[in-house]
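**Student:** As given, the protein sequences belong to chains R and F, one line each in that order. My numbering applies: residue 1 is where the first sequence begins, and numbers increase by one. My numbering applies: residue 1 is where the second sequence begins, and numbers increase by one.
Do not rely on the hints blindly, as some may be mistaken.
For chains that are exact copies, the list does not tell them apart, and a pair is met inside one copy or across any two.
What the hints assert, rightly or not - Derived pair list, reagent style EDC-like, types lysine to aspartate or glutamate, alpha-carbon separation capped at 20 angstroms: (1) K206 with D163; (2) K2 with D163; (3) K2 with D155; (4) K186 with E215; (5) K203 with D155; (6) K28 with D117; (7) K186 with D222; (8) K2 with E90; (9) K176 with E188; (10) K186 with D224; (11) K186 with E223; (12) K2 with E215; (13) K206 with D175; (14) K103 with D21; (15) K186 with E90; (16) K203 with E188; (17) K28 with D224.
Source of the hints: derived by calculation from the structure; they are not laboratory data.
Here are the chains, one letter per residue:
2 protein chains.
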Amino acid sequence: MKPLTEMAQSSQIFRNVPRMDVLDLISKGSVKEAERGASIHLQGERAHSLFIVLEGWVKLYRMSSCGNEAVVGVLSNGDCFGEAAAVPGEVFSTGAEAVAASKLLQIDAQDLWHAIDSDPVLCRAFLGATLSDNRALVHQLGQLKSHTAAQRIADFLLSLCKDEVGECIVVLPYDKVLIAGWLGMKPESLSRAFRRLEPYGVKIRKDRALIQSVERLLAFADEDPSKSWSEKAWKTS
Amino acid sequence: MKPLTEMAQSSQIFRNVPRMDVLDLISKGSVKEAERGASIHLQGERAHSLFIVLEGWVKLYRMSSCGNEAVVGVLSNGDCFGEAAAVPGEVFSTGAEAVAASKLLQIDAQDLWHAIDSDPVLCRAFLGATLSDNRALVHQLGQLKSHTAAQRIADFLLSLCKDEVGECIVVLPYDKVLIAGWLGMKPESLSRAFRRLEPYGVKIRKDRALIQSVERLLAFADEDPSKSWSEKAWKTS
Numbered sequence: 001m002k003p004l005t006e007m008a009q010s011s012q013i014f015r016n017v018p019r020m021d022v023l024d025l026i027s028k029g030s031v032k033e034a035e036r037g038a039s040i041h042l043q044g045e046r047a048h049s050l051f052i053v054l055e056g057w058v059k060l061y062r063m064s065s066c067g068n069e070a071v072v073g074v075l076s077n078g079d080c081f082g083e084a085a086a087v088p089g090e091v092f093s094t095g096a097e098a099v100a101a102s103k104l105l106q107i108d109a110q111d112l113w114h115a116i117d118s119d120p121v122l123c124r125a126f127l128g129a130t131l132s133d134n135r136a137l138v139h140q141l142g143q144l145k146s147h148t149a150a151q152r153i154a155d156f157l158l159s160l161c162k163d164e165v166g167e168c169i170v171v172l173p174y175d176k177v178l179i180a181g182w183l184g185m186k187p188e189s190l191s192r193a194f195r196r197l198e199p200y201g202v203k204i205r206k207d208r209a210l211i212q213s214v215e216r217l218l219a220f221a222d223e224d225p226s227k228s229w230s231e232k233a234w235k236t237s
Numbered sequence: 001m002k003p004l005t006e007m008a009q010s011s012q013i014f015r016n017v018p019r020m021d022v023l024d025l026i027s028k029g030s031v032k033e034a035e036r037g038a039s040i041h042l043q044g045e046r047a048h049s050l051f052i053v054l055e056g057w058v059k060l061y062r063m064s065s066c067g068n069e070a071v072v073g074v075l076s077n078g079d080c081f082g083e084a085a086a087v088p089g090e091v092f093s094t095g096a097e098a099v100a101a102s103k104l105l106q107i108d109a110q111d112l113w114h115a116i117d118s119d120p121v122l123c124r125a126f127l128g129a130t131l132s133d134n135r136a137l138v139h140q141l142g143q144l145k146s147h148t149a150a151q152r153i154a155d156f157l158l159s160l161c162k163d164e165v166g167e168c169i170v171v172l173p174y175d176k177v178l179i180a181g182w183l184g185m186k187p188e189s190l191s192r193a194f195r196r197l198e199p200y201g202v203k204i205r206k207d208r209a210l211i212q213s214v215e216r217l218l219a220f221a222d223e224d225p226s227k228s229w230s231e232k233a234w235k236t237s
């Protein structure tokens with residue numbers, strides 16, 4: 001594992017901040033280890049800390065009033081959460097839970113306010129990182145509203161292929177229950193949607209997806225969903 | 001209509017900023033009138049301006065690569081969009097279109113950078129407003145992932161009831177095609193979902209919703225959707 005300061009500095013939130021502006025703040029943070037399944041913070045709790053994932057996987061979720069959970073983020077190395085801590089008096093709008101053994105840098109809200117108040121560079125860096133989070137959320141909303149379940153899985157698999165072309169084998173990064181939650185479906189619907197990708201050259205074998213042709217899957221992910229409206233995600237009956 | 005500066009000052013983004021910090025920036029803005037259907041900015045375009053809605057309705061949308069539109073925001077008086085303009089080099093992650101005749105305050109990105117750079121109070125205000133956007137997006141994602149289409153309509157109607165109890169009549173604020181887009185369904189699915197609310201005491205008459213009991217509708221909106229899984233929004237087949 002790289003040295004802590006180096007990892008925190010290369011995180012999404014501090015990437016574009018000069019080293020000297022961020023070292024002091026990072027040095028005030030503490031490293032927290034979380035077992036798989038451990039709660040890191042609760043939805044509605046006072047936003048007491050900012051967190052950076054140094055190792056592992058963390059899910060962000062929202063509980064509805066009837067107790068249903070919606071996964072709204074799955075984070076790994078270098079990702080940041082709890083940005084609400086940058087504003088005094090805020091609460092966390094999601095819960096956060098380790099979905100694998102994880103190591104986090106935890107920065108106290110008061111240290112954060114002090115740093116932001118005294119350093120405009122840091123304030124602008126936070127603003128940039130929050131805008132970038134917003135873009136990712138808007139992207140996610142767009143996919144949910146305009147893509148079928150099978151297309152969302154295709155998008156997910158393609159995001160794991162990075163820049164590969166042609167045939168490609170990807171490892172599913174976390175378990176299928178979490179993938180289903182993240183893509184907004186029930187686990188049993190995920191299996192059905194995986195099968196729906198078979199004609200497009202995708203096979204799932206345990207924790208691996210075998211993709212015959214990245215280009216073909218991309219074409220399917222970009223297809224107009226009204227072509228196959230019967231499988232549209234937004235059916236109401 | 002209230003004086004321009006007063007309206008801009010009471011907008012979501014400037015509400016908590018001292019008057020003296022924001023007057024100069026507002027005075028540099030220009031008022032732009034947009035007809036219904038007029039494009040205000042495009043997705044992917046350089047984020048050249050910040051906008052505040054002074055009057056009217058504006059929709060924010062994302063186009064998928066196959067040309068499908070997903071409505072990710074519907075804004076009215078006092079709402080702000082184009083916050084990406086606060087960071088040099090950014091592009092708009094959505095398109096914006098007037099869905100009714102609208103009046104907007106348009107603030108040039110360069111004026112904005114200058115103001116943010118020279119006034120930490122403004123930078124923190126922007127950070128707060130962006131985090132607040134972030135919360136709204138996360139809330140929307142949570143609803144989409146854990147609620148049925150009929151429950152999302154119930155949430156939408158309840159948001160129009162404000163603090164009323166018992167019987168309540170609300171005016172639908174914009175046309176049904178836009179309501180459907182905003183709630184992530186096709187217009188024909190909206191009519192079906194409206195009918196699904198009839199047993200819960202909701203009648204739609206032209207542009208009005210007659211709600212027999214706000215409490216009863218609230219109970220339906222909070223119900224566990226797995227109780228009626230056949231109408232779940234996330235069916236894949």
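**Student:** Hint by hint, note whether the structure agrees.
**Tutor:** Against the structure, the hints come out as follows:
no. : hint           : verdict
1   : K206 with D163 : neither (23 angstroms within a copy, 50 angstroms between copies)
2   : K2 with D163   : neither (25 angstroms within a copy, 53 angstroms between copies)
3   : K2 with D155   : neither (31 angstroms within a copy, 47 angstroms between copies)
4   : K186 with E215 : neither (28 angstroms within a copy, 29 angstroms between copies)
5   : K203 with D155 : within (15 angstroms within a copy, 39 angstroms between copies)
6   : K28 with D117  : within (16 angstroms within a copy, 26 angstroms between copies)
7   : K186 with D222 : between (23 angstroms within a copy, 19 angstroms between copies)
8   : K2 with E90    : neither (32 angstroms within a copy, 31 angstroms between copies)
9   : K176 with E188 : within (10 angstroms within a copy, 33 angstroms between copies)
10  : K186 with D224 : between (23 angstroms within a copy, 14 angstroms between copies)
11  : K186 with E223 : between (23 angstroms within a copy, 17 angstroms between copies)
12  : K2 with E215   : neither (36 angstroms within a copy, 55 angstroms between copies)
13  : K206 with D175 : within (10 angstroms within a copy, 47 angstroms between copies)
14  : K103 with D21  : neither (23 angstroms within a copy, 41 angstroms between copies)
15  : K186 with E90  : neither (32 angstroms within a copy, 36 angstroms between copies)
16  : K203 with E188 : within (17 angstroms within a copy, 35 angstroms between copies)
17  : K28 with D224  : neither (50 angstroms within a copy, 43 angstroms between copies)
Of the hints listed earlier, those the structure fails to meet are numbers 1, 2, 3, 4, 8, 12, 14, 15, 17, in rising order.
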